[in-house]
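Student: Sequence:
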Amino acid sequence: MRRMLGRPNRSLALYIALPFVAMVLLWQTVSLWLAHDAIDQSATRAIETELLTGRRIFEQLLVQRAERLGEAARLLSSDYGFRSAIASGDTSTLQDALLNQGQRIGAALALYVDPDWRAVATTPLDAAEIAPLLAEARALQQVRSDAAGEGAAMQVPGLVMVGGRPYQIVAVPVRAPRLIGWVLMGFSLDRALLDRMGEITGLRVALALDRPGASQVIASTIDAPLPAAPLQDVRCDLLLQLHGEDWQACDFRIRLASARADAPADSQTLHVVLARAIAPALLPFRDLQRQQIQLAVVALVLLALGSLALARRFSAPILALRRAAERLGAGEIDAPVALPDPARTPQDLLRLTASFEAMRQAVRQREQHIGRLAYWDTLTGLPNRAQFVDRLGERLAVADARRPLAVLMLDLDRFKHVNDGLGHGFGDRMLCEVALRLEPAAQAAGGLLARLGGDEFGLMLPQADAARACEVARALLATLQQPLRIDEQMVDCSAGLGIVLAPEHGTEPEALLGQVEVAMYEAKRRLAGVLVYQPSMDSRSSVSLSLLSELRRAVLGNELRLFLQPKVGLKSGRVLGAEALVRWVDPARGMVPPMQFIPFAEQTGFIREITRWMLATGVREMARWAELGQPLKLSINLSTRDLLDVDLVERVDALLRQHDVPAGRLCLEITESAIMDDPTRALQTLQRLSELGVQLSIDDFGTGYSSLAYLKRLPVDELKIDRSFVMGMERDLDDARIVRSTIGLAHTLGLTVVAEGVENPKLMAMLEHLGCDEAQGYGIARPMPIDDWLPWVERWQAPQTGAVKLDTDFQLL
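Take 1 as the starting number for the sequence shown in UniProt numbering and just add one per residue.
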């Protein structure tokens, strides 16, 4: 069951390694994210610093341009020819001089004015543009620059608006030696300036005038919309989209000079935007990030491989145990569990592996023991019936006319008398000696010898016909001709032996065993030694099948009848109950005697069906008696097969509950032989019946063996003395002594004593004299149909036993 609760089928090593890899992966992801965020912030700050540096360079560039203009204007004003032209009033010469000097330094405009600031010569402005320019230039000589801190709009001297465009103007006085005029030169803040700025700093620049709602761009190298809202402070964290790239921009102001005090504020401020592409700035960091990611991936792979290797190292013993457990579950218990390397395995896993190997060895030993119990006879060491049947089935699968198979069955003569007279221990040693004698002969014949049960032995002979089987059978019997010496005692041993052939007589193992058993018992009956099975020996089998079918019909067709034989108390003379006896009324044959079908029913196991019928009928009748005011007891006999029925106790309990009959009114009688067939299981069944409150009785006491040994262990309430002892008391004092001793023994054990076979009042008087409790027999009443029972009980009168004269010798017992 490796898939549980819907989980995927992963190896143990993965379950161990994955958490560590996941934790490291999480840590690496967080680290890379923090590094990425730090890099972005660092890049933003670096670009911001670069933009602020660009601002200072832009302002420095304006200062340098102002210095160039001033130097050029001073050079022109100090030129002798220029002053001579002023003195002579040669306007054309002045115009040429201004044009040449302006072109030489790249000035956008140049003009000369008199001391009263009236234009004398200009280039290239027309008359309409001169007046505002002169007013602004004159104001420049009177306005001082205000120092401004970083973050505020800068005022650059000489920066004025002319015709809607910003110009950087310088004015230099011309003296000879007195002031004779002014030379004005100016640079236009145009695209050329922005390109120059880009060459120096690599930044994109845009110049604009602030207007409500938007910015009026004057010159720009930024092909993107500028920020719409005017800003009061320097901002270097603005973002722009230019050709699909992200750019960071810095926005600051430069204040323009103006001659008019009432000029609008937005016309006095120049809006300057510097922009820097973000991607190039991030490129070095991205390379660093890629290297960091590569290192993280390599570290993660190495960690995963290392964790997996380490996990496999620790999980290998566990996986080996799992495979060993699977083999063990599949029944492969011979392969040992490989012990891992002690130097590379934790002690706990080593102990676990060693414990599992010890468990495997224990399971293997138990399996071998169980297998031996299942397929080997523990007494003789020979194969048992189960193994013999299995091996026989294998051989029968390939048996044919060219490869015949013979099965022999041997049963010892008088073995029961050996057990009864010398004890079971002696009988067991005798069986071992017989096995030791038979085994060499069986091996010499190439057959398989087995103990089939009790004193029965079976031999399977492959490739054997009838002649060969008879030859081996006679050899087996010959080995038993010599007496056996057991415990310094000589025992003669003989046997009867049957033979069956396959495929001549059949091809089913159980069928062949049944047939060879028939031949074996026929050999014992005829004292023939060895007999080969003949179908004529088994003619009773068809009769048996017919009888079994008829018995089934009798139970289903209500052909069975319950007869009752009374049981009376010897002291009180009252009727205490009855023993239930079954009779069969066949429609064709009439009343069938019990001896014609009860032994057969016991042999075939159908006795269980008859017992079930008797229990159901008897308990129902007891309930009816109680309703009529006669709460009498009823005794019902149980056979050996009934005691081995696992459902017997539950069935009895259910019947008593169904009919509301007290358990103490039901008495179940068992014979000693029924108990001795399987004492352990019989004792368990009797114990459970006793716990229900059912009365238990030992029937035919004294005719079995080992009675006293088991009597003290049985939970019985009643003991019935066999009729053979009771009926002989009138003629034989020994029988009377046996009955007296049995009564004393039973009373000592706290048991009630019932005597069977009471034929006359004298026997009743003798039993009463000996202290017997109850009696039953023909002298009281013969078995009667159930319908005659209650009328008989009402008519019953106890005989006058007090008037019976007992023999003197009997009274002296």
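Just so you know, not all the hints are guaranteed correct.
Said to hold, decoys possible - Straight-line C-alpha distance at most 30 Å; calculated BS3-like pairs for lysine-lysine:
#1 K805 with K571
#2 K571 with K633
#3 K762 with K571
#4 K762 with K805
#5 K633 with K416
#6 K571 with K416
#7 K633 with K712
#8 K712 with K571
#9 K762 with K633
Claimed, not checked - Label pairs and their calculated CB-CB ranges:
#10 C432 with D465: 53 to 63 Å
#11 L692 with L484: 41 to 51 Å
#12 P535 with L484: 34 to 44 Å
#13 A663 with R552: 41 to 51 Å
#14 Q658 with S572: 39 to 49 Å
#15 P336 with R552: 53 to 63 Å
#16 C432 with A626: 54 to 64 Å
#17 A362 with L26: 21 to 31 Å
#18 S355 with L745: 52 to 62 Å
I should point out that these hints are in silico values taken from the structure, not numbers from a laboratory. For each residue, glycine too, the CB sits at the ideal point set by N, CA and C.
Student: Now look at each hint and say whether the structure bears it out.
Tutor: Verification of the supplied hints:
1. The straight-line distance between the Cα atoms of K805 and K571 is roughly 17 Å, inside the 30 Å bound, and the hint therefore holds.
2. A threshold of 30 Å between alpha carbons decides the hint, and for K571 with K633 the separation of about 17 Å falls inside it, so the pair holds.
3. Of the supplied pair hints, the one linking K762 and K571 holds, its CA atoms being roughly 14 Å apart against a limit of 30 Å.
4. This hinted pair checks out: K762 and K805 have alpha carbons roughly 8 Å apart, not beyond 30 Å.
5. A distance of roughly 37 Å separates the Cα atoms of K633 and K416; the hinted pair therefore is violated under the 30 Å criterion.
6. Between K571 and K416, the direct Cα distance comes to roughly 41 Å. Violation of the 30 Å bound is thereby established for this hinted pair.
7. For the proposed pair K633 and K712, the alpha carbon gap of about 25 Å is at most 30 Å, so the pair holds.
8. At most 30 Å may separate the alpha-carbon atoms for a hinted pair to count; K712 and K571 meet this at roughly 27 Å.
9. For the suggested pair K762 and K633, the alpha carbons sit about 26 Å apart, so the restraint of at most 30 Å is met.
10. A beta carbon spacing of about 32 Å between C432 and D465 contradicts the range 53 to 63 Å that was offered as a hint.
11. Taking the beta carbon of each, L692 and L484 are about 47 Å apart, inside 41 to 51 Å as hinted.
12. Range check, P535 to L484: about 36 Å between beta-carbon atoms, so the 34 to 44 Å window is met.
13. Taking the beta carbon of each, A663 and R552 are about 30 Å apart, not inside 41 to 51 Å as hinted.
14. Separation of Q658 from S572 is about 31 Å and departs from the stated range, judged on CB atoms against 39 to 49 Å.
15. At about 56 Å, the beta-carbon gap between P336 and R552 stays in the expected band of 53 to 63 Å.
16. Take C432 and A626: their Cβ atoms lie about 56 Å apart, and the range 54 to 64 Å holds.
17. Between A362 and L26 the beta carbon distance is about 47 Å. The supplied range of 21 to 31 Å is therefore violated.
18. The beta-carbon spacing between S355 and L745, approximately 56 Å, falls within the hinted interval of 52 to 62 Å.
The structure shown violates the earlier hints numbered 5, 6, 10, 13, 14, 17.
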